[in-house]
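Trainee: Protein chains in written order, with numbering that gives the first Met the number 0: chain D, 0 to 126; chain R, 0 to 415.
Just to be clear, a hint being listed does not mean it is correct.
[Claimed, not checked] Once the Cα atoms are required to be at most 30 Å apart in a straight line, the calculated BS3-like pairs of lysine-lysine come out as: (1) 164/R to 11/D; (2) 11/D to 55/D; (3) 30/D to 55/D; (4) 164/R to 79/R; (5) 164/R to 55/D; (6) 67/D to 55/D.
Just so you know, the hints here were simulated from the structure itself, not pulled from any lab data.
Small disclaimer: the values here were computed from a predicted structure and weren't measured.
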Amino acid sequence: MKYLCLVYVDEKRLDELPDEDCVAYDTAIRKNGHCLASEALESVQTATTVRIRNGKASVTDGPFAETKEQLAGFYMIEARDLNEAIQIASGIPPARVGSIEVRPIRPIRETVAAAGPKNRAARVTGS
Amino acid sequence: MAETDTARGREAVDAIYRAESRRVLATLIRLLGDFDLAEEALHEAFRAALEQWPGEGVPENPRAWLVSAGRFKAIDAIRKRARLTSLDDAPEHAEVVGEDAAEWSDDSVEDDRLRLIFTCCHTALAPDAQVALTLREVCGLTTEEIAHAFLTPPSTLAQRIVRAKAKIRDARIPYEVPARAELPERLDSVLRVVYLVFNEGYSASSGAALTRHDLSGEAIRLGRLLMELLPEPEAIGLLALMLLHESRRAARTSTDGDIILLDQQNRALWNRELIAEGTALVERAFASRRFGPYSIQAAISAVHAGAPRAEDTDWSEIVALYEVLVRMNPSPVVELNRAVAVAMRDGPAAGLPLVDAILARGELAEYRLVHAARADLCRRLGRTADARAAYERALTLTQQDSERRFIERRLTELAG
């Protein structure tokens, strides 16, 4: 059985969680075969909502799921830029009745890998 | 002597700033791939011009000089920053910046201005952010000026702009003119921003009227730029519509700031030059056969402008244009306008059932102008009690002082 674990958090409290912790857990559950795919997201302020109504695409700023709408699935896509991502998102059939939130992936592993050694060095010198 | 030279040099730089700064910025954003970096580079380029031009003379092609100076300053800044933070970031940026893009031909610069407009008006940005960003980046207004014109605290407006730029960067909104297939929808968004800026300046009354009037002027300048860069029929239609509205500015309010309706306006106050220009543009848009709602609204405005007296208005033509508009862009507000035009052509008894039918559907129940229209038709039919009830309903729904005074005058007349 596959499960999707959705991460909800007050973005103001994200600072309390070091990225290193998240990447460490991710690495561990990938190693033991439990994790199939995982990504961090950019801030909710980068969100764009795509809907198709009367055959026309409507593109708006922000995450605007109606309270009646529930999460029904996900697509992780590769796109050149937001315009291409919008174009692909507007082809997802539920866009005609619901809404598709398009949010860029935050490269958390790369960030931690790049900053990791230096951060540790800084902490050592700092102490 | 040296002092007058300096003063002259500064004047030359100022004049070139006014004429070129937006073009240079638009190109720098493309070359540097970042709004903030480009603004900083623009600032540095003009600082360098102020230092060098008074002594060395203005270069032959100041725009190319400024782009090039801005680009070098930006490379410097990136290198310095890279030394301070991580060396790993440097090659990536240097690649972007170091690209030997000597593409400053006039064509590519004009494309850059279009790219800037389409990026600022991208629908993935919040509507109020689109407006603020366009006025800031395309028109070159300061944050304080925009805040003042929109009666918004400068800090709120500044934050709106910062967020919009962050979204462009983080969600990777591309700096490009949309492809043909996407153009109509993306152009709609640009035209909506321009018209919103215009109306913000046009419908304003009292207090801040002066600065808000400037917003209309800014919107017309934007409309002209857009038509020059992208002569699509609806861009032409929107400019025509704005010019025709603007032509009536002096006649539409009394000295006390009260609204004067179209049929009561002193037509000698209408600006004939703007009418001639707007009318010619309507004809140009219609000749394309690809015109849309802005062109039709402009055509309606042109019919009014063409009537020497209110009673000479060609209402048949106006009704016909509203028929086209209702089919193209069905909305209860457009239907209401058509109903009013029918009442003007065939008399109030013909218009009232149409207005009542719209009201019966309930869509416009809270819309003050539908009640005002009903009131006016009842008044003309001598149905005083119905007219009074409808004016009173309109009065409870209006927010504007000048409208309130207008309705109150009508109520007093009914009582008399």
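Trainee: Checked against the structure, which of the hints given earlier come out wrong?
Mentor: 2, 3
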